[in-house]
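**Student:** Hey, can you work out the whole structure from these sequences and the hints?
Protein chains in written order, with this note's numbering: chain B, 1 to 327; chain A, 1 to 327.
Keep in mind that a hint or two might mislead.
[As the list claims (entries may be wrong)] Dumping the calculated BS3-like pairs for lysine-lysine here, alpha-carbon to alpha-carbon at most 27 angstroms:
id : chain 1 : residue 1 : chain 2 : residue 2
1  : A       : Lys135    : B       : Lys144
2  : A       : Lys144    : B       : Lys282
3  : A       : Lys135    : B       : Lys117
4  : A       : Lys135    : A       : Lys324
5  : A       : Lys209    : B       : Lys144
6  : B       : Lys135    : A       : Lys117
By construction, these hints were calculated from the structure, which means they are not laboratory data.
No experiment lies behind these values; they were computed from the predicted model shown.
2 protein chains.
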Amino acid sequence: MHRHFQGKRILVTGGLGFIGSALAHRLAGMGANVVLVDSLVPEYGGNMFNVAGVQDRVRVNISDVRDEYSMQHLVQGQDFLFNLAGQTSHMDSMRDPYTDLEINCRAQLSILEACRKCNPGIKIIFASTRQLYGKPDYLPVDEKHLLRPADVNGVNKMAGEWFHILYNNVYGIRACALRLTNTIGPRMRVKDARQTFLGIWVRLLVEGKPFEVWGGDQLRDFTFVDDAVEAFLLAAGNEAANGQIFNLGGDQVISLRDLAELVVQVNGGGEFTVRDYPPDRKPIDIGDYYADFTRIQSVLGWKPQVSLAEALKRSIEYYRLHLKNYL
Amino acid sequence: MHRHFQGKRILVTGGLGFIGSALAHRLAGMGANVVLVDSLVPEYGGNMFNVAGVQDRVRVNISDVRDEYSMQHLVQGQDFLFNLAGQTSHMDSMRDPYTDLEINCRAQLSILEACRKCNPGIKIIFASTRQLYGKPDYLPVDEKHLLRPADVNGVNKMAGEWFHILYNNVYGIRACALRLTNTIGPRMRVKDARQTFLGIWVRLLVEGKPFEVWGGDQLRDFTFVDDAVEAFLLAAGNEAANGQIFNLGGDQVISLRDLAELVVQVNGGGEFTVRDYPPDRKPIDIGDYYADFTRIQSVLGWKPQVSLAEALKRSIEYYRLHLKNYL
Numbered sequence: 001m002h003r004h005f006q007g008k009r010i011l012v013t014g015g016l017g018f019i020g021s022a023l024a025h026r027l028a029g030m031g032a033n034v035v036l037v038d039s040l041v042p043e044y045g046g047n048m049f050n051v052a053g054v055q056d057r058v059r060v061n062i063s064d065v066r067d068e069y070s071m072q073h074l075v076q077g078q079d080f081l082f083n084l085a086g087q088t089s090h091m092d093s094m095r096d097p098y099t100d101l102e103i104n105c106r107a108q109l110s111i112l113e114a115c116r117k118c119n120p121g122i123k124i125i126f127a128s129t130r131q132l133y134g135k136p137d138y139l140p141v142d143e144k145h146l147l148r149p150a151d152v153n154g155v156n157k158m159a160g161e162w163f164h165i166l167y168n169n170v171y172g173i174r175a176c177a178l179r180l181t182n183t184i185g186p187r188m189r190v191k192d193a194r195q196t197f198l199g200i201w202v203r204l205l206v207e208g209k210p211f212e213v214w215g216g217d218q219l220r221d222f223t224f225v226d227d228a229v230e231a232f233l234l235a236a237g238n239e240a241a242n243g244q245i246f247n248l249g250g251d252q253v254i255s256l257r258d259l260a261e262l263v264v265q266v267n268g269g270g271e272f273t274v275r276d277y278p279p280d281r282k283p284i285d286i287g288d289y290y291a292d293f294t295r296i297q298s299v300l301g302w303k304p305q306v307s308l309a310e311a312l313k314r315s316i317e318y319y320r321l322h323l324k325n326y327l
Numbered sequence: 001m002h003r004h005f006q007g008k009r010i011l012v013t014g015g016l017g018f019i020g021s022a023l024a025h026r027l028a029g030m031g032a033n034v035v036l037v038d039s040l041v042p043e044y045g046g047n048m049f050n051v052a053g054v055q056d057r058v059r060v061n062i063s064d065v066r067d068e069y070s071m072q073h074l075v076q077g078q079d080f081l082f083n084l085a086g087q088t089s090h091m092d093s094m095r096d097p098y099t100d101l102e103i104n105c106r107a108q109l110s111i112l113e114a115c116r117k118c119n120p121g122i123k124i125i126f127a128s129t130r131q132l133y134g135k136p137d138y139l140p141v142d143e144k145h146l147l148r149p150a151d152v153n154g155v156n157k158m159a160g161e162w163f164h165i166l167y168n169n170v171y172g173i174r175a176c177a178l179r180l181t182n183t184i185g186p187r188m189r190v191k192d193a194r195q196t197f198l199g200i201w202v203r204l205l206v207e208g209k210p211f212e213v214w215g216g217d218q219l220r221d222f223t224f225v226d227d228a229v230e231a232f233l234l235a236a237g238n239e240a241a242n243g244q245i246f247n248l249g250g251d252q253v254i255s256l257r258d259l260a261e262l263v264v265q266v267n268g269g270g271e272f273t274v275r276d277y278p279p280d281r282k283p284i285d286i287g288d289y290y291a292d293f294t295r296i297q298s299v300l301g302w303k304p305q306v307s308l309a310e311a312l313k314r315s316i317e318y319y320r321l322h323l324k325n326y327l
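**Tutor:** Structure (C-alpha cells):
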C-alpha cells in the first residue's frame with residue numbers, strides 16, 4: 001500500500017477532523033503529498049492539534065467545501081480526493097436544515113462538478129453514513145437495505161452519496177462511498193456529542209466526572225479510526241471499488257449500557273448514570289443498528305483489526321495526554 | 001369525494017402545469033377554494049391556457065417555490081397542499097444541476113419548513129417520480145426496489161421526497177408521495193420532450209409531420225392524467241396514506257415502437273422513424289421500466305381507469321383543438 005500512495009497528490013476534505021486527520025497521518029507516513037482542506041467551523045470536528053506531529057509534512061488549506069471557487073482550484077492536479085467534510089450532528093440538522101443541506105448535499109454536487117470540469121481523472125472516496133438507512137428493518141443491515149433516512153442529515157447525506165455514484169456512472173469520475181457506523185478513537189470531538197456520543201463519555205471519564213447513558217438498551221457497532229482509515233485506503237487503491245457502496249462495521253455488537261461498563265472497566269474506574277432517552281431526540285432515533293460488512297470484506301478484503309476494548313483503551317490514553325487541546 | 005374537498009382550502013404548486021391544472025379543474029368542479037402557484041418558467045410545464053374554463057373559479061398566484069417568503073405566506077390557512085412544482089427534464093438536470101437542486105431539493109425543504117412553522121395541520125401530497133429507482137433490477141418495480149437514481153434529477157427528487165416523509169414522521173405534518181410514471185393527456189407540454197417524450201410525438205402528429213422514436217425496444221407504462229389526479233385526491237382523502245410512498249402505473253406495458261404504432265393508429269394516420277438512442281442520453285438511460293402499483297390499489301383503492309388507447313385519443317383530440325396555445 002505504501003507504494004500505491006507514495007508521491008501521490010491527495011486532497012482530504014475535513015482534513016483537520018477526526019478521520020481526515022488520521023488519514024493525513026497515515027498518508028504523510030507513506031510519503032504522499034497531502035493537502036488538508038478544513039473550515040474549522042467550531043461546532044464541527046476540525047482541530048489544528050489533530051495534525052500535531054505531521055504539520056510539516058502536510059499542507060493545510062483553511063477553506064469551506066461550500067466555497068465553489070476554492071474547491072475548483074484545490075481539486076486540480078490531485079490523484080485522490082478523500083471527501084470527509086460534513087456536518088455530522090443529527091440534532092443540528094433538524095434545528096438548521098439549510099446549513100446541513102448546503103454542506104452535505106449542495107457542496108458535494110459542486111465538488112463533483114469541479115472534478116468533472118477540472119480533474120475528471122481524480123478518484124474520490126466519500127464518507128457516507130449508516131444514517132441513510134434510518135430505523136432498520138432487519139439486523140445486521142447490509143447494503144441491500146432500503147434507504148429511509150430518519151433525520152435531515154440522513155436525507156442530505158443520501159443525496160451527497162448518490163451524486164458521487166452518479167458522477168462515477170455517468171461521467172466516469174471514479175467514486176465510491178463508505179457508509180460509516182460509529183467511528184471512535186484518538187482525535188474524535190469530545191467537546192460534546194455532535195460527532196459521537198462516545199466523545200463526551202471519554203472526556204467526562206478522563207475528567208473524573210460521571211457520564212450519562214441515554215436509554216442503554218440500544219445495540220450499536222463501532223469501528224476504530226485506524227480501521228476506518230484502512231478502508232478508505234483500500235477503496236482508493238482498488239478499481240473494483242468504483243461506483244460501489246460499502247458498509248463499515250465492527251466485530252462486536254454491544255448495548256450502550258454494556259459499552260458504558262466496558263469503558264469504565266478499561267479506564268480502571270468511573271461512574272455513569274442511565275437516564276431515559278431524551279424526548280426531543282426520540283423522533284429521530286433509529287433504534288438498534290449494526291452493520292453487515294461482508295461486502296467490503298469480500299470485495300476489498302477489509303475487516304476490523306482493533307477490538308472494541310482496545311479502541312476504547314487507546315482513546316482514553318490519548319485524551320489523558322491531550323484533553324486540554326480538545327476543550 | 002365531492003364532499004371531502006367542497007369548501008376546502010387547497011394550494012397547488014405547479015398549478016398551471018400539466019397535472020396541477022388537471023387537479024385544479026377537478027377541485028374547482030367540487031367547490032374547493034383553490035390557489036395555484038406557478039412560476040411560469042418557460043422551459044417548464046406551466047401555461048395560463050391550462051386553466052381556461054376555470055380561471056374565474058381558482059386563484060392564480062405567480063411565484064416560485066424557491067421563494068421562501070412567498071411560500072411561507074401561501075401555505076397559511078390551507079387544508080391541503082398538492083406539491084407538484086418541479087424541474088422535470090433529465091437532460092436539463094445534467095446541464096444545470098444547481099437549478100434542479102434548488103427546485104427539487106432545497107425548495108421542498110423550505111416548503112416543509114414553512115408548513116412546520118406556519119401551518120403544521122396541512123396535509124401534503126408530493127409528486128415524486130419513478131426516476132428515483134434508476135435502472136430497474138427487476139420488473140415490475142415495486143416500492144421495495146432500491147433507490148439508485150441515474151441522473152441529477154433523480155437524486156434531487158429522492159431528497160425532496162424524503163424530506164416529505166421525514167417531516168411526516170418527525171413533526172407529524174401529514175405527507176405522502178406518489179411516484180409517477182409517464183403521465184400523459186391533455187395539457188401536457190408538447191413544445192419539446194422536457195416533460196414527456198409523448199408530448200412532442202403528439203404535436204408532430206397533429207401537425208402532420210413525422211416524429212422520431214429513439215431506440216424503440218424500451219418498455220414503458222403510462223398513466224392518464226385523470227387517473228393521476230384521482231390518485232392525488234385519494235391520497236389526500238385517506239389518512240392511511242400519511243408517511244407512505246406509492247407507485248402509480250398503467251395497465252398496459254408497451255414498447256416505444258408499439259406505442260408509436262398505436263398512436264398513429266389512434267390518429268388515423270401519421271409517420272415515424274426509429275433511430276438509435278442518442279449517445280448523449282445513453283449514460284442516464286434507465287432501460288425498461290414499468291411499475292407494480294398493487295400497493296396503492298390495496299391501501300387506497302386506486303387503479304387506472306382509462307386505457308392507453310383512450311388516453312392517446314383524448315390527447316390527440318385536445319391538441320387538434322388547442323395546439324396553438326402550446327407552441
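**Student:** Failing hints, ascending?
**Tutor:** Checked against the structure, the hints that fail are numbers 4 and 5, while the rest are satisfied.
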